[in-house]
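Chemist: Below are the chains, spelled out letter by letter.
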Amino acid sequence: MKSTLDHAALAEEFNKDEERVDWHDGALWWIRQKRDRSAHQTPQWEELREAASAIKSNVISNLHDYLIQFEENLKKNGVKVYWAADAEEHNQIVYSILKAKEIKQMVKSKSMLTEECHLNEFLEERGIEVINSDLGEYIQQIDNEPPSHIVLPCIHKRKEEIGELFHEHLGTEKGLSDPTLLTRVARKHLRNVFLTRRAALTGVNFAVAETGEYVVCTNEGNADMGAHLSEVQIASMGLEKIIPERKHLGVFLRLLARSAIGQPITIYSSHYKKPRPGQEMHLILVDKGRSNLLARPDFRESLKCIKCGGCMNTCPVYRKSGGLSYHNTISGPIGAILAPNLDMKQHADLPFASTLCGSCSNVCPVKIPIHEQLYKWRQEIVKQGYSANRKTFSMKAMALTLSSPEIYKTAGKTGRWLLNNAPFAINNKFNPWYKQRDMPDSSQQSFGEWYAKNGSKK
Amino acid sequence: MNIGLFIPCYVNQLYPNAAIATMELLQKFGADVSYPSKQTCCGQPMANSGYEHLTQSCNDLFVENFSGFDYIVAPSASCVLHVKDHLHSHADEAAATEIRGKIYELVEFLTDVLKIEKLDAHFPHKVGIHQSCHGLRGLHLAQMSELVAPDFSKPRHLLNMVSGLELTELDRVDECCGFGGLFCIAEEAVSVKMGKDRITDHTKHGAEYITSPDLSCLMHMEGILQRNKSKVKIIHIAEILNSSSIRA
Amino acid sequence: MAAVKKNQPALSALPDITVFNVHEADVVKKYSEVFAGIGGLLVSAGSLENVKDHIIKDFDQGKRILSTLPKLTDVAELADADADPHTLEDVELAIIEARMAVAENGAVWLTEDVMGHRVLPYIAQHLAVIVREDSIVSTMHDAYAKIASEDYGFGGFIGGPSKTADIEQALVLGAHGPLSMTVYLIK
Chain A
1 MKSTLDHAAL AEEFNKDEER VDWHDGALWW IRQKRDRSAH QTPQWEELRE
51 AASAIKSNVI SNLHDYLIQF EENLKKNGVK VYWAADAEEH NQIVYSILKA
101 KEIKQMVKSK SMLTEECHLN EFLEERGIEV INSDLGEYIQ QIDNEPPSHI
151 VLPCIHKRKE EIGELFHEHL GTEKGLSDPT LLTRVARKHL RNVFLTRRAA
201 LTGVNFAVAE TGEYVVCTNE GNADMGAHLS EVQIASMGLE KIIPERKHLG
251 VFLRLLARSA IGQPITIYSS HYKKPRPGQE MHLILVDKGR SNLLARPDFR
301 ESLKCIKCGG CMNTCPVYRK SGGLSYHNTI SGPIGAILAP NLDMKQHADL
351 PFASTLCGSC SNVCPVKIPI HEQLYKWRQE IVKQGYSANR KTFSMKAMAL
401 TLSSPEIYKT AGKTGRWLLN NAPFAINNKF NPWYKQRDMP DSSQQSFGEW
451 YAKNGSKK
Chain B
1 MNIGLFIPCY VNQLYPNAAI ATMELLQKFG ADVSYPSKQT CCGQPMANSG
51 YEHLTQSCND LFVENFSGFD YIVAPSASCV LHVKDHLHSH ADEAAATEIR
101 GKIYELVEFL TDVLKIEKLD AHFPHKVGIH QSCHGLRGLH LAQMSELVAP
151 DFSKPRHLLN MVSGLELTEL DRVDECCGFG GLFCIAEEAV SVKMGKDRIT
201 DHTKHGAEYI TSPDLSCLMH MEGILQRNKS KVKIIHIAEI LNSSSIRA
Chain C
1 MAAVKKNQPA LSALPDITVF NVHEADVVKK YSEVFAGIGG LLVSAGSLEN
51 VKDHIIKDFD QGKRILSTLP KLTDVAELAD ADADPHTLED VELAIIEARM
101 AVAENGAVWL TEDVMGHRVL PYIAQHLAVI VREDSIVSTM HDAYAKIASE
151 DYGFGGFIGG PSKTADIEQA LVLGAHGPLS MTVYLIK
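Chains as they are written, first to last, in our numbering: chain A, 1 to 458; chain B, 1 to 248; chain C, 1 to 187.
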C-alpha cells in the first residue's frame, strides 16, 4: 500500500505526463552536458575534486576547533554569533533579532537551510513578512510550493505556468510567458522590496575559519542587493559549511558553479566580513542533525556537500521523477542520503529511489561516494525496522531459496513452468513488471539442465 | 587453466544460450570449464534491498562451490561486482578473499586475463552497446562519461574484432536503463521510463541489436521492446563474440 | 558543540593546493575571450582618456552616472562612500576600478574601498569596470595568493552582468544586479 508521501507513488504521478517528463529530463541533462564541457575545459579537474574532497575531510575531522576559530574571528569582525541546535531554536533567534529592531518585513536570498527549518512559515505566523528574492524561489513562494531543486528551484515549471502565476500575483498580462519580460517584471517588483526592507537574510556557501568571513554565491545579485541596503543582515549556516583557510576558496569557487551549471564561476561571489558602519551583522550556526551525522562513520562524508546540485542533474531517476517526489527540502541523490539521518521513518523510501548507477558519485565535486551510502542506508533502514514486513518475509524466503541448491532448482523450474503453462498466474495486474513489459521467454531448459546433459562431455 | 563457470540465477533459468555461449567461448581459448552444479546466486537482490545480513548462507554456498578454481568467470557484470565487493564468509574468510581476487566478468576476463587480440566471429548487424552501470562504474569496463579521463571501452574493443558488425552511436552513452534490481518493481513507472528512453536512444541511431555484459539490463529492455512489438532484439555480448556457432 | 567534538573522526590532513599552478601564456587574451563569452562587453580602451570617450559614446549622459575614480569626474559624479545607499537607487551607470581580474572565469575582484558604497556595483542599472591589464591573473588560486591576508570589510568577485535562467532555462541577462557589464581594459 503506497502512501501519497512515497517517492514511488509521487514518481508514478509525475510520469503520467510523459511529454513533461521528457522536457524536465532533457532540461536537466542539458545542464549535465554543460557541466561536462566546463569540466573538460578545466586543467587538473579530477585533481581539483580530490583536493576539495581532502579539504572537506580535514574539516569534518577538525570541525570543533574550526568552529571555535570561526566564532572568535566573527566576533573580532563585529559580527554577532548565535548557536542553534535545531530548527526551532534557529527560527526563534531570527525572530528575536527582528523583534528587537521592530522589523516586520524581511527579504531573503537563497538558503536551503532556512527552507529545511521552515523559517518563512514561522515568521509569517508571528506577523513578519518574508519575501524570497531569488527568482526561482520567489516563483515557488507565490505558488506556495517548495523548491524542487536546490539550485534551480522551479526547473519543473513551464514558462506558461510561471506567466499565469505572475498574472495572478503581479498583474502581468494574461498569457505573457516570455522569460525576459517576466524577469523584467520581477526585477522591478523585487527592486522595490530590496529598497524598502530593513532586514535581509542570506545563506552561506562557504565560511572561512581563518578570517571569520563568509561567502555567498548568486547569479542574480539578490543577496547583495538585500544585504547592502539593510540595517540588519542575518546569515544562517549549517555547521558543515566551514572551510579552513581563505585560500581554499580558490578550490571551491572553481568547482561550485562548474559542477552545478557548467559556468566557470557564479556571477557574484561575495565575501562578507564586517558590518557597514551603522549596520548590524548576525550569523547563526545551525546543527539540526549535523553533529549526529558526524557520529556515523558510514555516512559522515555527506557533510562534505557544497550544495551544487550536480548529482540531481545527472541522476536519471531524479530527472524522470522530479524533485518534489522526494518529499524533502533537499531532494535527489544527496537528499536521499541526508534525509534518513533527519527522519528515518519519513524518508525510509528515499535510498530505494535509485538504481545505484553511480553517476552521482562521479560528478560530485567533493567526491562523496553517494551510491555507496545509498546502499548502506538501505541496510540501516532495514535493520532499524523501517522496511515493510511483507518485504522482510519475501527476503527471508529468497535467502532460504538461494542458500539451498535443491530448493533453488525447484523454484526455477516451477517459475518457468508457470510462465509456460499458466501465464495468467503471472501476467496479471498484480504483477508490476507486467504493467508495461512482457515477461521473459521461459520456453527453454535451464543452463543447469543443459549442462547436466551436454556440458561435461566437452 | 581451470575455470569455474558462475551462471547467475536468472541467466540460468531464462537465458541459457548466453551461458552456453560463455562456456563455449572460454573453451575456444583452451580453458577447462566446469559448472559447479550446486550453485545458486550471488545474493545481490537481497543485499541491494537492505538485507545484506541475510546473505550469509548464500555466501557460504558460493564459497563452497567456487573454491579451488584458477578463475571464476560469469556472464554478468552486476553479479561479479557484488561478489567482488561483498563476498564474506564467517566459515572461511580466506577462501572468500581468494575468490574475490579470482572472479571476473566475461568481457574483462577476455581483455585483461586472456588478452585476446582476435576472434573468429561473424555478426553482420548494427549493434548498440548498453553499458551496464555495474559493469561501467563498478568494474570499469569502459571509461565513465562523467570523468575527465582518457576514453576506453573493453566491450567495444572486443566487438571491433567481430566481422560484419557495425557499432551504432548513442546520445547518452552511459545513462542507466532503470532495471536496478527490485527497483524495476518497486519504482515501476520510473524504471520503465528509463528503459524506454535507452531504447529510443538506440533505435534512433539505427541499432538492430542491443548488447551488454549484463542480462538484467537486457531483460528489462527486452520486456519493453516486446510489449511494443519492436523488431529490435537484445543479445548478450557472449553470444555475439561466440557467433560463429550461434545456436538457433 | 560537545557533540561535535565527540563525534568527529580522526584528523585527516589538508592537501597541498600549490599543485594547481597552470598559467595562461596570454592572460589578457584569455580574460577577454572568457568575459565576452559569458555575456560581458569587453573594450580594449588602452587608457583612462579613451575610457572617458567610450563612456560619452556608449552611455546616456542624461542619466545618473557615478564613479569612484577622481580622474573620471568629467563624465561621472564622484561617489560618496557615506551616502545612504538608498539614494543610489537611480544610478544608471557605475564606473569602478577593479583590484584585479581572473582570466579563467572573466571575473573582477572588488573590495569595498574601491566600490564607493558596497551596494553600488549591484544597484546600478549598468556596471562598468576598469581593469589594468597587468592586474589580470590566471586562476582563482593566483587571485587568492594576491589577496593573501588583506583585511577588507567586504569584497566580491563579479563575473559578468547579473543573470537568471530560472524560467525554463532560458538565459536572461539582467536579474537583480546590473543589466550589463562592460570591462574597459587599460594598460
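Bear in mind the hints are in silico, worked out from the structure with no lab data behind them. Everything numeric in this text was worked out from a predicted model, so none of it was measured. Where hints are given, some of them may not hold.
Below, in silico cross-link-like pairs of lysine-lysine (DSSO-like), each with a Cα-Cα straight-line distance of 27 Å or less [said to hold, decoys possible]:
#, chain 1, residue 1, chain 2, residue 2
1, C, Lys63, C, Lys52
2, A, Lys413, A, Lys453
3, A, Lys75, C, Lys63
4, B, Lys118, A, Lys367
Chemist: Please name the hints from earlier in the document that this structure breaks, with their numbers sorted from lowest to highest.
Modeler: The structure breaks hints 3 and 4; every other hint is satisfied.
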